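Peer 1: Going down the list, the sequences are from chains A and B. As numbered in our numbering, residues 41 to 630 make up the first sequence, in order. As numbered in our numbering, residues 849 to 1087 make up the second sequence, in order.
Keep in mind the hints are simulated off the structure, nothing from the lab. Quick caveat, the model's predicted, so the values are computed rather than measured. Glycine residues also receive a C-beta, built at the ideal position from the N, C-alpha and C atoms. Accuracy of the hints is not assured; some may be wrong.
To be verified - Here are some of the chain B residues that sit facing chain A, going by a computed Cβ distance under 8 Å:
#  : residue
1  : Gly873
2  : Ser874
3  : Asp875
4  : Arg877
5  : Phe879
6  : Val882
7  : Ser895
8  : Ser906
9  : Thr914
10 : Asp916
11 : Pro917
12 : Pro1001
13 : Trp1002
14 : Ala1009
15 : Arg1056
Claimed, not checked - Below, simulated DSS-like cross-link-like pairs (lysine-lysine); rule was C-alpha separation at most 30 Å, straight line:
#  : chain 1 : residue 1 : chain 2 : residue 2
16 : B       : Lys1055   : B       : Lys965
17 : B       : Lys886    : B       : Lys1055
18 : B       : Lys1047   : A       : Lys66
19 : B       : Lys965    : B       : Lys886
20 : A       : Lys66     : B       : Lys1055
21 : B       : Lys1047   : A       : Lys71
The primary structure of each chain is shown beneath.
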Amino acid sequence: MEHIAHDETSFVRPAEVGEMELYHPKTWLGKYVFSQDAKTIAIQYAGTAIAIGMVALVLSWLMRLQLAWPNTFTFIDPAYYLQAVTMHGMIMVVYLLTALFLGGFGNYLIPLMVGARDMVFPWLNMISFWVYFMAVLLLAASFFVGGGSTGAGWTLYPPQAILPGTPGSEAGILLMLASLAVFIIGFTMGGLNYVVTILQARTRGMTLMRMPLTVWGIFVATVLALFAFPALFVSAIMMALDILLGTSFFMPAIMTMGTESEHVGGNPLLFQHLFWFFGHPEVYIVALPAFGIVSDLISVHARKNIFGYRMMVWAIVIIGALSFVVWAHHMYVSGMNPYFGFFFATTTLIIAVPTALKVYNWVLTLWQGNIHLTVPMLFSIAFLLFFINGGMTGLFLGNATVSMPLSDTLFVVAHFHMVMAVAPVMVVCGAIYHWYPKITGRWYHEGMARFHFWVTFVGSYLVFLPMHYLGIMGVPRRYFEITGTSFLPDSAQSVNASITIAALVVGFAQLVFIFNLVVSSFNGRKAPGNPWNATTLEWQTAHTPPEHGNFGDELPCVYRWAYDYSVPGAEDDFIPQNVPPRDRQAEVTP
Amino acid sequence: MSTETMASDSLELKPGLAGFFDDWGSDQRAFKGVPWGKAMMWIFLVSDTFIFGCFLASYMTVRMSTLDPWPSASEVFALSFGGAPIPLILIAIMTFVLITSSGTMALAVNYGYRKNKWVTFWLLLATALLGATFVGMQVFEWSKLIFEEGVRPWGNPMGAAQFGSVFFMVTGFHGFHVSIGVIFLFIFSYKVATGHLDKQTPGWFTKRGGNYEEIEILGLYWHFVDLVWVFIFAFFYLW
Chain A
41 MEHIAHDETS FVRPAEVGEM ELYHPKTWLG KYVFSQDAKT IAIQYAGTAI
91 AIGMVALVLS WLMRLQLAWP NTFTFIDPAY YLQAVTMHGM IMVVYLLTAL
141 FLGGFGNYLI PLMVGARDMV FPWLNMISFW VYFMAVLLLA ASFFVGGGST
191 GAGWTLYPPQ AILPGTPGSE AGILLMLASL AVFIIGFTMG GLNYVVTILQ
241 ARTRGMTLMR MPLTVWGIFV ATVLALFAFP ALFVSAIMMA LDILLGTSFF
291 MPAIMTMGTE SEHVGGNPLL FQHLFWFFGH PEVYIVALPA FGIVSDLISV
341 HARKNIFGYR MMVWAIVIIG ALSFVVWAHH MYVSGMNPYF GFFFATTTLI
391 IAVPTALKVY NWVLTLWQGN IHLTVPMLFS IAFLLFFING GMTGLFLGNA
441 TVSMPLSDTL FVVAHFHMVM AVAPVMVVCG AIYHWYPKIT GRWYHEGMAR
491 FHFWVTFVGS YLVFLPMHYL GIMGVPRRYF EITGTSFLPD SAQSVNASIT
541 IAALVVGFAQ LVFIFNLVVS SFNGRKAPGN PWNATTLEWQ TAHTPPEHGN
591 FGDELPCVYR WAYDYSVPGA EDDFIPQNVP PRDRQAEVTP
Chain B
849 MSTETMASDS LELKPGLAGF FDDWGSDQRA FKGVPWGKAM MWIFLVSDTF
899 IFGCFLASYM TVRMSTLDPW PSASEVFALS FGGAPIPLIL IAIMTFVLIT
949 SSGTMALAVN YGYRKNKWVT FWLLLATALL GATFVGMQVF EWSKLIFEEG
999 VRPWGNPMGA AQFGSVFFMV TGFHGFHVSI GVIFLFIFSY KVATGHLDKQ
1049 TPGWFTKRGG NYEEIEILGL YWHFVDLVWV FIFAFFYLW
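The following block holds chain A by itself, in its conformation from the complex (with noise of 0.2 Å):
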């Protein structure tokens, strides 16, 4: 079969804008410290992201230390505890899944996949980058003030956010609305820039629907932070001069302390909508490039085109709109009209199809694939695991009546977890192991990163699939302790026991991953530009790791979508999108 020299304009339009200018930094700061490069920008985000993620993993091992052996850690007080529950949850979703799905993964992976030098603006990328990293030493600041960090629980809740007696009341509290504040205006600067690249930046032939799920993943939930992050910013706002100055927007008039506040006539409900109106598609922020990676982390390692390319893509779309309407679903027990209670339920149930499609589309491109059981693989099906799981849950909670009985237990919490926390986790895992010998131009250990992998899955299973039980029994979350409790029988405890015991060991096991990551960047094997045969530009390029500008001399044309695994009468298994067409006549004719 011989290639025809065909001509290229004939499948691609030929370009509309002009090369991208690069900036070309002389310095070494201006290289790798203030660099504008998306992909040192990418691991500055991860690298911080990861590094107060690690804070937060400690935090959850002091409150499960708590929990199982209660006042046995004699320095771990009540208010001790609730800070550490505020702050693991606050720092894990917005400091560390959002930074590292959107400013890490989407720095990364936007310009690469797309075919883009660099961002569109690659000096406010940079700014973006340092004013996330100050939002994170103020919100690390807010652990050594006079009365610690806020220990109002992640969700902030007034008037008890800010009323004396909830630890962190005195600086905590405010060192958490502007830090939030700060990593909002960081955010949107850096969120401006992937959603004009995706737009607006992509290279010839690269059509919206050639995007590879991971760009779609990514724009998406780039669209919902910058149109639900607003909420939060001015709830920020509102409830930083309720504290402040003294005015009432959310503060009614409350008896504290024996004594009369000044406030007046406020209204805390206001706090819970706009909260949940962010609170709500922040959750899709971090699920939807955790699809998006996780669809092209299956279709590589099954060797098989994604199922329902068109679907999966829709599905996305369909996802992000919908999480702007269900944010109530949340504040089932808050007080609220029934009828509103009817709407949101069913518009959360409602999501559920667009979900259950990807999940479906996920396990058909499994079947029959050529599945190779390779690291991130199998952190693909741990999320496939783990998302069924707490999709599954959410159905209940979902329904105002079922809702309302389990609200605020470890029931929520075992949901939320399996559904949020390690689902995405399990995808970034997987993605860092998929990505890794691109990034670093390094293999992984690959001993260590399975028993990383097996340690954090059954690990994770041992943390949270008890807590159900756990839940359904009526052990509330946030609880300090609830020993000497007459309707928990003894066993509750021992549970909990066990519980902690599995989550020190996963605890740990994430030290292994870091450890992995660090020392094969250094003396892991050389890795080649295209080591699990994928498509996508990012392994197309003429170095590993990509230089400046990425791709070289030339930018990359696309001539078909990311998923041409396994194609009849090709040669390999795999056709690189920047592969053109072969003319069909030299087929017929050899």
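Since chain A is already given, all that's left is putting chain B on it; use the hints.
Peer 2: Frame of chain A, contents of chain B only:
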């Protein structure tokens, strides 16, 4: 061979709606002919709309949930001329000034695209000065409320405490937007006058070469700030 067909989709545009979607989803750019900065400003403005939307929704919520009576806007915002109070007179002037500045801004965009340097400069400067006048009148309005009528963020003599809280917060946030706009208008009139846009000097914010499209991008922001004022005017002064 279905995937091979997929790889070489025809470049011909399909008729009707299918062609519309194909065109929108085509390669390189979703919005043909739209520069990066302009696309970015539009998306930022939608995001900012959510901020003001949340502010206004919060305002309506606290106004409805407070138990104390809401002060009457036509009395609070009245100015006395020769002993007779004229309701909303200052706000009427402020609104007039801001809407006028939108007109000069639109003209500046037009003359910018014609590369008429000096007319663009004077129009930008006029817009900046009108904007600064608006902010000045807002300062006057605030000081009258604070010093003469005793309105504070945490309370006021006329009624519900939230009146002062939301008023200062929302008009303050809007005034902040206007002030940022005024600063950028001054920067850009300087850039136009010194020929930075003709020479395509890179801007400090984007580090991309400057050109007269940036005037339109600034104009988008300015018109947005005006539009927000129309809503604030309606919800705070007329309700």
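Peer 1: Next, verify each hint and record whether it holds.
Peer 2: Going down the list of hints, with the structure as the test:
| no. | hint | verdict |
| --- | --- | --- |
| 1 | Gly873 | holds, 4 Å |
| 2 | Ser874 | holds, 6 Å |
| 3 | Asp875 | holds, 5 Å |
| 4 | Arg877 | holds, 5 Å |
| 5 | Phe879 | holds, 7 Å |
| 6 | Val882 | holds, 7 Å |
| 7 | Ser895 | holds, 4 Å |
| 8 | Ser906 | holds, 6 Å |
| 9 | Thr914 | holds, 4 Å |
| 10 | Asp916 | holds, 6 Å |
| 11 | Pro917 | violated, 11 Å |
| 12 | Pro1001 | holds, 5 Å |
| 13 | Trp1002 | holds, 4 Å |
| 14 | Ala1009 | holds, 5 Å |
| 15 | Arg1056 | holds, 7 Å |
| 16 | B:Lys1055 <-> B:Lys965 | holds, 22 Å |
| 17 | B:Lys886 <-> B:Lys1055 | holds, 15 Å |
| 18 | B:Lys1047 <-> A:Lys66 | holds, 24 Å |
| 19 | B:Lys965 <-> B:Lys886 | holds, 21 Å |
| 20 | A:Lys66 <-> B:Lys1055 | holds, 16 Å |
| 21 | B:Lys1047 <-> A:Lys71 | holds, 28 Å |
In this structure, the one hint that does not hold is number 11.
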